[in-house]
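Undergrad: Sequence:
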Amino acid sequence: MSRGREIELLRADVLYYRDRVALLRAKLYRWGEGSNPHLRELEAELERAEQRLRAARPRAEL
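Counting in the numbering used here, the sequence shown runs from 6 upward without gaps.
Hint data in this document are derived by calculation from the structure and do not stem from the laboratory.
There may be inaccurate statements among the hints.
As the list claims (entries may be wrong) - Quick list of the computed label-pair ranges, beta carbon to beta carbon:
{"#": "1", "residue 1": "Lys32", "residue 2": "Arg64", "range": "20 to 28 Å"}
{"#": "2", "residue 1": "Pro63", "residue 2": "Tyr21", "range": "20 to 28 Å"}
{"#": "3", "residue 1": "Glu11", "residue 2": "Ala31", "range": "26 to 34 Å"}
{"#": "4", "residue 1": "Glu52", "residue 2": "Gly9", "range": "36 to 44 Å"}
{"#": "5", "residue 1": "Leu20", "residue 2": "Pro42", "range": "20 to 28 Å"}
{"#": "6", "residue 1": "Arg8", "residue 2": "Asn41", "range": "32 to 40 Å"}
{"#": "7", "residue 1": "Glu52", "residue 2": "Arg10", "range": "21 to 29 Å"}
{"#": "8", "residue 1": "Arg35", "residue 2": "Arg8", "range": "34 to 42 Å"}
{"#": "9", "residue 1": "Pro63", "residue 2": "Leu20", "range": "15 to 23 Å"}
{"#": "10", "residue 1": "Arg62", "residue 2": "Leu33", "range": "25 to 33 Å"}
{"#": "11", "residue 1": "Arg16", "residue 2": "His43", "range": "36 to 44 Å"}
{"#": "12", "residue 1": "Ala60", "residue 2": "Ala27", "range": "32 to 40 Å"}
{"#": "13", "residue 1": "Arg59", "residue 2": "Ser7", "range": "15 to 23 Å"}
{"#": "14", "residue 1": "Arg35", "residue 2": "Arg59", "range": "28 to 36 Å"}
On a predicted model such as this, the values are computed, not experimentally measured, just so you know.
Glycine is no exception: its CB is placed at the ideal position from the N, C-alpha and C atoms.
My request is simple: use the sequences and hints to build the entire structure.
TA: Listed below in structure tokens is the structure:
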């Protein structure tokens, strides 16, 4: 897999998790609830996806 393709896939993962987190936050807000375990899990996945993307970017610039 080319580095450009890898970056593209990692960026797609980040966007996917950002969307999932935003949707769940909106649902929880509408239901009058705060955080829940599923939201915390999605936020952790988002953070890991962002870290993978940050780690891959310097390699792609070589």
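Undergrad: Range first: 32 to 40 Å. Now tell me if the beta carbons of Arg8 and Asn41 are that far apart.
TA: Given a distance of about 37 Å, which is inside 32 to 40 Å, the answer is holds.
Undergrad: Is it true that the C-beta distance of Arg62 to Leu33 lies inside 25 to 33 Å, as the hint says?
TA: 32 Å, holds
Undergrad: With respect to the beta-carbon atoms only, verify the hint that Pro63 and Leu20 lie 15 to 23 Å apart.
TA: 20 Å, holds
Undergrad: Quick one: are Glu52 and Gly9 within 36 to 44 Å, going by C-beta?
TA: 24 Å, violated
Undergrad: Do the Cβ positions of Arg16 and His43 conform to the proposed distance bound of 36 to 44 Å?
TA: 24 Å, violated
Undergrad: Is it true that the C-beta distance of Lys32 to Arg64 lies inside 20 to 28 Å, as the hint says?
TA: Because 37 Å falls outside the window, the suggested range is violated.
Undergrad: Given the hint of 20 to 28 Å, check if Pro63 and Tyr21 actually sit that far apart at their C-beta atoms.
TA: 23 Å, holds
Undergrad: Within 26 to 34 Å or not, the Cβ separation of Glu11 and Ala31?
TA: For Glu11 and Ala31 the Cβ distance comes to about 31 Å; the hint holds.
Undergrad: Indicate whether the distance between the beta carbons of Arg59 and Ser7 respects the range 15 to 23 Å.
TA: 19 Å, holds
Undergrad: So does Leu20 sit 20 to 28 Å from Pro42, Cβ to Cβ?
TA: 23 Å Cβ-Cβ, so the 20 to 28 Å window holds.
Undergrad: Between Arg35 and Arg8, does the beta-carbon spacing fit 34 to 42 Å?
TA: 41 Å, holds
Undergrad: Between Glu52 and Arg10, does the C-beta distance stay in 21 to 29 Å?
TA: 23 Å, holds
The structure fails to meet hints 1, 4, 11, 12 from the earlier list, while all remaining hints are met.
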